[in-house]
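Peer 1: Residue strings, one per chain:
There are 2 protein chains.
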Amino acid sequence: MDRAPSTSGSSFELFEIGLDRALELIKKSDARTVGIQVPEGLKRIVSAVAKEIEEKTNAEVIVSGDPCYGACDVDLDLCRVAELVIHIGHSEMLEGDPQLDKIVYIEARMRASVDEAVEKATDLLSARRVGVVTTVQHVHKLDDIVEVLKNGGIEAVIRTGGKRTTYPGQILGCNYEAARNMDVEEYLFVGTGQFHPLGVALATRKKVVAADPVTGNVSIMDTAPMLKRRYGAIARAMDAERIAVLASKKPGQKRMDLARKMAALGEEHGKKMLLIYLDRVEPEVLINLGVDAAVCTACPRIALDDQAKYSVPILTPPEFEILLGLRKEDYLLDEIE
Amino acid sequence: MDRAPSTSGSSFELFEIGLDRALELIKKSDARTVGIQVPEGLKRIVSAVAKEIEEKTNAEVIVSGDPCYGACDVDLDLCRVAELVIHIGHSEMLEGDPQLDKIVYIEARMRASVDEAVEKATDLLSARRVGVVTTVQHVHKLDDIVEVLKNGGIEAVIRTGGKRTTYPGQILGCNYEAARNMDVEEYLFVGTGQFHPLGVALATRKKVVAADPVTGNVSIMDTAPMLKRRYGAIARAMDAERIAVLASKKPGQKRMDLARKMAALGEEHGKKMLLIYLDRVEPEVLINLGVDAAVCTACPRIALDDQAKYSVPILTPPEFEILLGLRKEDYLLDEIE
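Protein sequence lines, in the order shown, are assigned to chains L and U.
Throughout, the working numbering is defined as the position within the first sequence, counted from one, plus 6.
Throughout, the working numbering is defined as the position within the second sequence, counted from one, plus 6.
Check the hints yourself; a few may be wrong.
Label pairs and their in silico Cβ distance ranges [what the hints assert, rightly or not]: (1) U:290 <-> L:264: 26 to 32 Å; (2) L:312 <-> U:101: 35 to 41 Å; (3) L:107 <-> U:119: 44 to 50 Å; (4) L:47 <-> U:274: 39 to 45 Å.
These aren't lab readings, by the way, just hints derived from the structure by calculation.
Fair warning: this is a prediction, and the values are worked out from it, not measured in the lab.
Backbone N, C-alpha and C define an ideal beta-carbon position, used for all residues, glycine too.
Start from the sequences and build out the full structure, keeping to the hints where you can.
Peer 2: Next comes the structure, spelled out in structure tokens:
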């Protein structure tokens, strides 16, 4: 039978999770009901976190059971039943809803050293000045990254992002402001996976070297296969007559005005548009509605990364504008500001 | 390419859907934004309904894209962005939340005649007095049912249900009050599928004859296989150490007090209980949390009808009480009052 991993002082194998601050706040606020929300990759530690909170405070713990895809996806329903909500793994993003004031953001900091991967990456960088970006999991290693690059004779350029991010150099799957308006020709991304560095490359259209501190792998991002697939999706959507416009209920993915604009543009061009308001974008939704295509104003990465799961083409708003002949310039990555 | 079915005067092939009342209300209220929510089986008619509303009123239509499992599952988020919400296919159930006042319930009345199936069912009934129950889709045929039974020499007994139902004789998957406290030894259920009549048999523990007006099939319900499976699930959960208690966010499935009671009972009996608040109960949730079993206080039918999808046993609250040795009498079907 599975056992809950030990929190061994609020820390876990891969990540350091600063539960102490949360425990302090729970005690200070005297909250009797505390919610916990974590992304899927951390769901396994939830029972250990819950146990620690229950043992060290007098609070009852309620865990959010729905999937969590980021700080865009905070559980407002949980905020309505809890006095304090510990959101683990993401940095703060949202404001506006009074329920959001209950949320305490606890980041998950990856322990892995970045030095080796960054050093390896310098071999792939040709510029002497590079823009450096990373995710919140590694942002505490920025000084290390700068140091290793400096030792390799490379100047790191780091820029503050927009209001969706908290730290200089921090990017999100849906937001690359920290990589924009930089006078550089190359970027170094430090972090795991291809999801974020591919976004940097699509957003900047410049050379991006990805350095993975966990696997130690380094690579140069190639946007061509993704762009080919995206123009393929646009082409397949050309004949679509009935098109759903998907508007998300998630607090940080809600772009109802954009959805309305897309619906209006489609109607103007003779398409039958159906405005859909939903929490989770899933293949069954579109199958059941019987639409020929969809424009997704929820997470921009659904169209790019999950297209293979869908039987009809899913377009981002800029891609739909390309389809309608309204956007003649280069491909534009959909981002949420 | 799929075409939207015509509404042909607000009616569809299998169901009659009284859209006229909704159109009247939209015009009267001068609502500019109208939401539509339908269960999965009716999702295909949504674009035709949306078109009709947009053509006959000045309202913008927004469709709920999330699954809908009943009147317990009204889309409160949609209520927050629309001025009026048309909920198709279920009768009114809930009150309490001010958002609920925006909902107009439009039932879907199945056109199929019940006469032939009920006449056939009389052969399987041995009592001269039988309790008659049905679902909202056939409740307008109650007079026909009574008449056919009368012609067969059988007296129909029909009783008003509780506050979750609207019509005499109406039952829900989670509520059989219309079948209780009746001085009868046999029941006739009229409607499609085995889901509801099995519930009647489990709730009353009496003979239930099911008559399906669509297929024309009649059958006597057998609860033994389900009870065997349920006691099997209870047995498999005996060794569970870490148990999730699932509490639903859905307005008509929210039983947080019951969930808390189950968590407390489990803890008293040495189990490690984890209180989970969620919208959709799905196998991945339990896999990711790494629990050994779950007690579900959401829809009672998840444990009974969807167990096969889950890798760990899912128990209803009464079943969990059996497991803890707190309930010695007969099996008790979990219902929501």
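Peer 1: Okay, residue 107 of chain L versus residue 119 of chain U on CB: inside 44 to 50 Å?
Peer 2: At 58 Å between Cβs, range violated.
Peer 1: For the pair residue 290 of chain U and residue 264 of chain L, does the Cβ-Cβ distance stay inside 26 to 32 Å?
Peer 2: Holds, since residue 290 of chain U and residue 264 of chain L (Cβ atoms, about 30 Å apart) stay within the stated range.
Peer 1: Check the following: the C-beta atoms of residue 47 of chain L and residue 274 of chain U are separated by a distance inside 39 to 45 Å.
Peer 2: With a Cβ separation near 33 Å, residue 47 of chain L and residue 274 of chain U fall outside 39 to 45 Å, so the hint is violated.
Peer 1: Go ahead and decide if the range 35 to 41 Å is satisfied by the Cβ distance of residue 312 of chain L to residue 101 of chain U.
Peer 2: Holds - the Cβ-Cβ distance for residue 312 of chain L and residue 101 of chain U, about 39 Å, lies within 35 to 41 Å.
When held up to the earlier numbered hints, the structure conflicts with 3 and 4 and fits the remainder.
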